[in-house]
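Novice: Please arrange chains V, A and U on chain C, whose structure you already have, making use of the hints.
Number of protein chains: 4
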Amino acid sequence: MKAQAGPPEIARVCERIESLGYKAHIIPGEQRTAIGITGNSGPLDAADFEDLPGVAEAIRVSKPYKLVSRETKRENTTVRVLDVPVGGDEIVLCGGPCSVEGREQILEAARAVRAAGGQLLRGGAYKPRTSPYSFQGLGEQGLRYLAEAREETGLGIVTEAVDVETFDLVEAYADCVQIGARNMQNFSLLRRAGRSRKPVLLKRGMSSTLEEFLMAAEYILAEGNYNVILCERGVRTFADHTRNTLDLSVVPAVQNLSHLPIIVDPSHGTGKRDKIAPMSLAAIAAGASGLIVEVHPMPERALSDGAQSLDPKQFGELAEDCRALAELLTMRRRLAKLPVTV
Amino acid sequence: MKAQAGPPEIARVCERIESLGYKAHIIPGEQRTAIGITGNSGPLDAADFEDLPGVAEAIRVSKPYKLVSRETKRENTTVRVLDVPVGGDEIVLCGGPCSVEGREQILEAARAVRAAGGQLLRGGAYKPRTSPYSFQGLGEQGLRYLAEAREETGLGIVTEAVDVETFDLVEAYADCVQIGARNMQNFSLLRRAGRSRKPVLLKRGMSSTLEEFLMAAEYILAEGNYNVILCERGVRTFADHTRNTLDLSVVPAVQNLSHLPIIVDPSHGTGKRDKIAPMSLAAIAAGASGLIVEVHPMPERALSDGAQSLDPKQFGELAEDCRALAELLTMRRRLAKLPVTV
Amino acid sequence: MKAQAGPPEIARVCERIESLGYKAHIIPGEQRTAIGITGNSGPLDAADFEDLPGVAEAIRVSKPYKLVSRETKRENTTVRVLDVPVGGDEIVLCGGPCSVEGREQILEAARAVRAAGGQLLRGGAYKPRTSPYSFQGLGEQGLRYLAEAREETGLGIVTEAVDVETFDLVEAYADCVQIGARNMQNFSLLRRAGRSRKPVLLKRGMSSTLEEFLMAAEYILAEGNYNVILCERGVRTFADHTRNTLDLSVVPAVQNLSHLPIIVDPSHGTGKRDKIAPMSLAAIAAGASGLIVEVHPMPERALSDGAQSLDPKQFGELAEDCRALAELLTMRRRLAKLPVTV
Amino acid sequence: MKAQAGPPEIARVCERIESLGYKAHIIPGEQRTAIGITGNSGPLDAADFEDLPGVAEAIRVSKPYKLVSRETKRENTTVRVLDVPVGGDEIVLCGGPCSVEGREQILEAARAVRAAGGQLLRGGAYKPRTSPYSFQGLGEQGLRYLAEAREETGLGIVTEAVDVETFDLVEAYADCVQIGARNMQNFSLLRRAGRSRKPVLLKRGMSSTLEEFLMAAEYILAEGNYNVILCERGVRTFADHTRNTLDLSVVPAVQNLSHLPIIVDPSHGTGKRDKIAPMSLAAIAAGASGLIVEVHPMPERALSDGAQSLDPKQFGELAEDCRALAELLTMRRRLAKLPVTV
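Protein chains in written order, with this note's numbering: chain C, 1 to 342; chain V, 1 to 342; chain A, 1 to 342; chain U, 1 to 342.
Bound-form chain C, shown alone (with noise of 0.2 Å):
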């Protein structure tokens, strides 16, 4: 739409694309509003639509993503989770153990990440397991504690959700949901986080080509929940000196192309707590919009993932050092900004 174009104007291209039988979507930029059109099966004749009062253009976008685009939105898409905005100026820690495990481990993650300037609290309620016999989370009872913990200290909660079934009762709990890994193709549950009105944390699948990872963002902005915040979490490859093989090179790829944050998931990244603390601050360097990292008050007694959890003090650490490299890229890129002079 063109610049001074109004809701009125906007209104009646909506009207339009609803008669023809597919669906508008408003993404509001900072200069203009960008309008998507979903749900038609081939290419539209733009005269269908350029001679509507307030368009600017109507263009084809060519890849099989059309929400996540760039091409539909050019700015990047800041994410709030409570009050934490994710994509912005700052980047955002998230810390917290695997899985909730109980009411005094949950408190004290979150007062060692919040010590730790961390803003967002991780910890899994519901836990796919590989195996059916493993611990699955300590449930509803598990998100009551996150909820206290977030009454105590103020940090936003990230929880995963991992099937249709429970997603309501995780929403109702959660800040930002998150949709795991071996879930990112689940078409049924990315439609219902499509639904939800709050964040989404999307991780890529283990195997999961950066197409098929931006089509599975696609999939909850088409349902019209336009906050998802993208997370690499390594992918699985021959090597096995870590646990996964974290591509830290598909965050600039990811915001190339999308306007969506990205941030990246050092633990299970490289699934070996001496390799999170470089693996951290190699993300922050190649412009990851934040971490979410496994803190655990006593890492050698979790009940998953211990070996690849921090503890209060290492948090600590790596928060100080990410925020310091971070502030020092953000000097440079504004620097490099900045009109030469003689």
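Mixed in with the good hints there might be a few duds.
A pair holds if it fits inside one copy or across any two, identical chains being indistinguishable in the list.
Said to hold, decoys possible - Here are the simulated lysine-lysine pairs, PhoX-like style, with alpha carbons at most 25 Å apart:
id: 1; residue 1: K313; residue 2: K63
id: 2; residue 1: K66; residue 2: K272
id: 3; residue 1: K313; residue 2: K272
id: 4; residue 1: K272; residue 2: K63
id: 5; residue 1: K23; residue 2: K198
id: 6; residue 1: K272; residue 2: K337
id: 7; residue 1: K23; residue 2: K66
id: 8; residue 1: K337; residue 2: K313
Hint data in this document are derived by calculation from the structure and do not stem from the laboratory.
Specialist: Frame of chain C; chains V, A and U shown alone:
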């Protein structure tokens, strides 16, 4: 249990197991009945069970999977789909289109499969698609067409359930419910399949290890459904001459560790029509219990996967070759077991 | 060239090619002779050649490989190793130990291969080993033992040349010089092999694409040695139930693009003895022209690769199964070509 | 050896080692000298050495690599290329074109690298190319141009030796001889490099595990050349948004196991110009000792790898960003070691 142990002894062991808070699984074998115990969080005391009447021995299953393991059940499992035994002496050929696209299409495909001597009909009414904008299947209408095709041809129906929500419907129509590769670790769906009384065809995930594959099957058996057919359909690698890399070595590897039957999908496994016949023969030669192949009356008009579908004539030739090959292998296996006479 | 073109016409075309600064490769076929041109940095003018007497047409080869391509030579190439045709109507079985460990060992292995009806003997005198401290082979002494085994059994010798320095020596003893997977892109070694008058067995690299594999062969042909046998030996993937993932789909893929024969190494391809037989049969069913299998008189005492070696009895049974399978496939291929009569 | 052990004690230990038929490697450290033993086929008796004067203890090195291991030498190794320390306190930037294409091109590239504060110049005179018909480098002429560039700019020269035959020539001109990814397991070439007095830059193979990478370095050290710089350059995976998947986690993994320095090649590691800067920063943040980056005066005219080359301006900005980042990290590492004061 001892060979002579009868229902009362078995019942008593189950009671003991349940009184301890665990779950008992009765697994009948040719010679003896085994009773699996799940739900324990650590090793149990063998003495708790060995003193009961009819108990032969209490074996600790060392693998993370129990019910799918050959340690639990030595003989091959034969799964009956409608009246077709999968995993028995004869190979099973399942053919049909990727998606049910219409009444005529699926009826023609079913007739072609029947004419070629195939025993099962495949066809998706619900399709998991990478893009939210791609054709997602005909839904219940597609299931009704499949039922009609079964009525006319007598072929058992194999069709995919993509989520828990539509599982009931799929289960009502299908003779065997397929769980797709993307859902191999959708644990809620696996549990639901485990509560079904229909057999389940479980496809290996795109980057699934053998252990993860067997653990996914374990989820289904742990809920009480022991009729699981495994299916190799190619894994994701760097190789680009085929859509996926068909890992036939998983066939003998599964047969070594598990009593469950395994079949092969050479259509998704290669993604290219001219590779289907050689890889089908290779799969049979590697010992697979059958094939699931995409067959379309007019592959060039298919709404999905046309490039990897056979036409009826090609499928007919392939079926004949496969049967000839399977017969030869059966004959040679019998010869190998004969006593050598001078 | 036209079918009736004789040596003088061929010579004249070669002269023209060379006068333009390129290299001519005469490739005789059943019906007609083709002349390949290499050394040009861009497209040539067809008119420069089509006006010469005897020239049927000038075809631009579109693939990056030329001499290995079916576009250049339509008929299958049969490579003769000693007197054994590889790539002809019958499958070829090459067996023998990973390394030549001593005189008795290689003689016994050779006798076992011979007794099983194998045609070629493998055995490494020079071994590329991951560790500098591992057994590196017996060197020339090993080659002498191989020659002695040939003398006694009549088997042709396939043995590896690991570098240019020892190539002369290996070439002097071998009937077919093997280039190992790690050396598939050792271009100096490929060029040296291209100047050899002995046939070459080229193994696919651990993470080689089909195109890289064919380009490696092209290096050998480009130097004038057209007797190249390709060999699939498994690629590196995330899968951990076998040492490598045997990619049998490369067999029909190679046969589609190239006239060169391809065989399969199920020993390195799986790394596990109990997978060798099923994957050997699968390889033959996929259309491979033969197998190269590790056979050791006493696998449990082997200095290298014992876990993936067959003993003589196992090899004998496998050989018989493979021949029966190959016969059946040949018969069915002939049947398929017969005119259908009513 | 004990800290006070002098040359006579060391010599005596070496004698003992050699008298037993093994090879002794003197490895000087900051505090103490270590003496590595290789050439033994099994465990040795510690008592054979511990009774000699000056011996502190005899340690069995448990890894398959010995000389590259931190168990053998605790302090980081600094490798000097010309006068540039690699692996010391400061990061090292090596820039230059993929291939030396001409005198002007390499001189301009060298000036650009110099101007940006880079310390080393890369450029291939011998190029390993997938196709026999691609540009294979200028050979010795290219080496002469590199030498001229060194003379003018003072930059040390890093250039690849592709085979044993041309090693002498490359060694004569180079300040550091590169062994490329395809040759990582070309053991003859590694041994030749081990007998060189020039430092060696060893690139990780395309599908090399960490252990194979270190074992390849071990081949060089085992021949007596301890000046080896390791280099991560991306591995081959299913991911298709970059040419290779840059595995930065191997940087801390190498540093954990080995005393050798490791640098990163973001050009081959990503294959895309717009990924080079973020991945360069990520590499430095992960702890790499430097970068080797493709820089071309006019990337759009490069004979090879133009799409992954930076122009002089881009390299200048990158160099500045990297140094600022490295300084920050050094500062923070020092801070972390300070005693905490109240």
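Novice: Could you tell me which of the numbered hints above are not met by this structure, giving the numbers in increasing order?
Specialist: 1
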